Amino acid sequence: MIELKNIEKYYANKGVKSYILRHVSTSIKQGEFVSIMGPSGAGKSTLLNILGMLEEPTYGAYEFMGEDVVSLNERKRIELYRNHIGFVFQAYHLIDEMTVAENIEAPLLYKKVSSAERKSRVADVLDRFNMVAKKDLFPNQLSGGQQQLVGIARALVAQPSIILADEPTGNLQSPQALQIMELFKKLNEEENITIIQVTHSEVNAAYGSRILHLLDGVIKEDLSLQQVI
Amino acid sequence: MFKLNLKIAFRNLLKNRGYAVVNVLGLVFGLTSFLLLLMYINHEQDYDRWDSGLSNVYQVRERHDFFSPDGKQHWQYGIDSKIAGLLKKSIPQFRQVTKVSVLWRNGTAIKIGQSEPILMNDLLEVDSLFFKVFPYKFLKGVQKTAVSEPNTMVLKESAAKKLFGTLDVLGKHVKVLRWSSDEGKTYQVKGLIADPSTPESLSFGAVLHSGEREKDPEGPGSTNYCQVYALAGDQIDTTAVAKAVQKTYIDYKKSTFAALKTSYDDYYKGEMFPGLKVVPLQQVHADPPLSKSWLEKVKPIIGLTVFLLLVSVINFVNLATVQSVQRAKEVGVKKVLGAYKRSLLMQFLLEAAILSSVALVISIALTELLLPVFGRHFEIEMTFWNNSRLWSLMIQLGAVFVVVTLLSGFYPALVLSNCNPVDVLKGTYERGLKGVALRNGLLVLQFVIAVTFIIGIGVMFLQSSYVAHKNPGFEPDRLINIKTSYQEDLAEKIRRVPGVKYVATTTQVMGNVFNVPREITYKSKDYKLNTVTVTMDALQALGTQLVVGRLFSRAYAQDTLNAVVLNEAAAKLLGGHMLGQQYVLKDEGEKHTFQVVGIIKDYHNEGFDKEILPTIYKASSRGGTSSTNNLLIRFENENYQQTISLIEAEWKKKYPDYPMVYTAAESAFQDALKADRRFIEMVTVFSFISVALSLLGLFALAAFVSKRRTKEIAIRKILGASDLQIIRMLNRSFLILVLFANVISWPIAYVLTNKWLSGFAYRIDMPVFPFILATLLSLTVALLTVSLQAKKAAVSDPVNALKYE
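Keeping their order, the protein sequence lines are chains A and B. Residue numbering for the first sequence follows UniProt numbering, starting at 1 and increasing by one per position. Residue numbering for the second sequence follows UniProt numbering, starting at 1 and increasing by one per position.
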């Protein structure tokens, strides 16, 4: 579903190009669970941002579901966000002024889902995440793990085909982190949702099916975990 | 979606209560003053709109120099009564032409039966065609015949209530005395009309029809002045009518001059030319002759109000963008969730709309509350809810609401909805760095306005205190002016009342000036001088100051014949050293010679905005008019209330049917200063509000900057900066802005105040002090405001700021 060809990203400063990403080419199929790993400054987040169309590559071709999305117009991009992509952030990024239920409902509003269906889908997700009791709380009344659960619930409610997660457990303690990873794995296996996460943790990466090792903007290693096993 | 946005908006407002209150408060100030102005303008535009037929009514104006304040030709509505008949005859477009004269504004006494006389000063004397031109609605009586007979009158509902206490007035008789010595005439009430729903330029409580207006004075030389109104058919060609009117007038003037055997061409030369025109009644109020129109008068206030609204909107924008840092995350998240930019824009506009609608509601309440005060200030009556044009007012308010919302909400909404989600979500959102130049610009603009206001008040205050302490040239205390013509027998009786020092009359006293220009010949040169007729001891009664020579005195027989006193302005105009000199005055072919016996200091008889005219004072009736309505009484001492009641007793004996009305010269003097004082009060209020708003803006901006620089401040503190050094650092950039604003406002304030000052014939030189004061004041308050915020930032714990977000 994702084809990257020769993606480059650099900033030109006084004539000197400083590269973030170089010659990144890869393809990711529907249903894969990919972890992007590497040391700080390797370009992991930039790669994820490019995959999420939040940033544009300086050079290279990117096809998302068979469509060239480099320099896609804003309207089309927003359509992709609405229908295919769910984001999960390290800092959760819930909207502070909305309750749990409202945060989860928000993407459905933009997708123009009918009120009745919105209600049932939100209720469904809340139920699945065991958060029915907390639906009227505001984000700052929840623990970090709970907030991230809401973040994932929000990403899922629109039934995306891919979830992009930038260090989803970076701010969490390990038991909560494991819970989130279990959830990702379940979603990947049961619902065939493609998941791409950036992580520092070998443990987290082990939940996935594939690891992309990035070093100084170049893919050093592309491991399929099934192969390893 | 809308519901959710609304919810978020309210939660946000609640969370940032402080900002919301400041925001709304700022807008309330701006909007309330704007609303008041809007209502005032509506009120003024409402004149003569009470019937659709009035759009076909025209006021006739003639160019002449009779009655004019400076002796020059002006367009006036008091015109030659013969013109009415002339227009009816020669302009077929005019279906009806009516003649109206306003009865002596000092008051007409109405006596009903044996009760005490009531003074009315809004009576008209009309001819029998009045109600054919003005379509008043008759509640009682017959419109066609109400004033067809002599000695009939028609009352307005309000006047009927005032006079009779009932509306059942048809057929009743009242005695009308036009002035104190009038023996009176009995009129029968033949009609009762409804009070019109809008104000009128020709306002009245009752119309009288004595029959005198039916005929014009005979002979080509004699003229009688009155107002003339014409009713035209629908859709007249105004240019063609104007041409015809002017031609008719010139023909008439030529024939009059021919009949009088004088030269038309000699008379109309230079600045003098014949002119007659018609002005639509509905424009009369906006275009009054001889004085500034209301629009001209309120122009500076319109400017002030618009500025104030602008300042409050700027405040709103500044505060809203300050808050945008907090909202950026929400925007970033919403964008990756699939929100269009447009829907985000709408969301933030919605929030601005909520705030401005709250502000509008409070403003309306405040306006309603302030209207009585405001109305007293402008001497008009206005209500909000009972406004005759409530609907149009509502539409205007709607427009104001939309404009304010867009002005104040659009920029912050645009900034927010444009932010890049990556920056926000990564936590590297450059905290509104882009808007800094604009915000600084807005802050400078606010301060320019505020500093200009402060300088303005300073200059106005100095000028008004100069005026208040300026010697008016006469002694206004212990002096009263009874509104009646001078009758020697009454004067003599009053003179005998203990406590009375002088009893006199003059045609020129503050509050009632009747200037008559006369041409004199001195050393074979012609001069036009203002002539004032006085009695022997009028100048003494006024307390004028003698420069050289003597005042009039009964000891000199010549004084009633050919002695005159000049004021200094006149002496200067004629070349100085006038004592003992003689000049010649021609009056209807005869030559009179006058001798100057004394020169007095110029004294003020009008506001300080008007130059004192070169004036001749004479005690003689020869070659001057004694038409006057002043009876001056100077008392021996301050406690003259007792004396007044004694005088009133004398009055009652002579004029039982006409009440005595008097004004203290002191209050007439204060009245002359009133308009300027009002304006100054107004500017002072505006200045305070604008300064307060600017400080709010500064406060918000300082809060914003210290927040944005939290990290920098923390690092500096760790590196060893003291709190004081940090406060100083934060202050520096703001003080530069405020100083810059000062530099800009100096020339602006100079030009504006100079223009205001030039409206005074007697004024101070441009003072430097207000400029320095405004600068010091603005810098001090800015320093205090910013320091307050900076201190908060400076003393905060650096650890909190440096924690990884």
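Worth double-checking, as some hints may not be accurate.
Said to hold, decoys possible - With the Cβ distance kept under 7 Å, some of the chain B side facing chain A (calculated, not the full set):
1. Asn5
2. Val336
3. Leu337
Stated by the list, open to error - Straight-line Cα separation of at most 27 Å, DSS-like style, residue types lysine-lysine; simulated pairs:
4. Lys111/A with Lys247/B
5. Lys341/B with Lys111/A
6. Lys15/B with Lys186/A
7. Lys755/B with Lys135/A
8. Lys119/A with Lys3/B
9. Lys329/B with Lys119/A
10. Lys341/B with Lys134/A
11. Lys112/A with Lys501/B
12. Lys15/B with Lys134/A
13. Lys15/B with Lys3/B
14. Lys3/B with Lys112/A
15. Lys135/A with Lys501/B
16. Lys523/B with Lys135/A
The hints are simulated quantities; they were obtained by calculation from the structure and are not laboratory data. Treat the numbers as computed from the prediction; the structure is a model and nothing was measured. Even for Gly, the Cβ is constructed at its ideal location relative to N, Cα and C.
Taking the hints in turn, this is what the structure says about them:
| no. | hint | in the structure |
| --- | --- | --- |
| 1 | Asn5 | 9 Å, violated |
| 2 | Val336 | 5 Å, holds |
| 3 | Leu337 | 4 Å, holds |
| 4 | Lys111/A with Lys247/B | 77 Å, violated |
| 5 | Lys341/B with Lys111/A | 14 Å, holds |
| 6 | Lys15/B with Lys186/A | 39 Å, violated |
| 7 | Lys755/B with Lys135/A | 66 Å, violated |
| 8 | Lys119/A with Lys3/B | 15 Å, holds |
| 9 | Lys329/B with Lys119/A | 25 Å, holds |
| 10 | Lys341/B with Lys134/A | 31 Å, violated |
| 11 | Lys112/A with Lys501/B | 93 Å, violated |
| 12 | Lys15/B with Lys134/A | 21 Å, holds |
| 13 | Lys15/B with Lys3/B | 18 Å, holds |
| 14 | Lys3/B with Lys112/A | 14 Å, holds |
| 15 | Lys135/A with Lys501/B | 93 Å, violated |
| 16 | Lys523/B with Lys135/A | 104 Å, violated |
The structure does not agree with the numbered hints 1, 4, 6, 7, 10, 11, 15, 16 stated previously, though it agrees with the rest.
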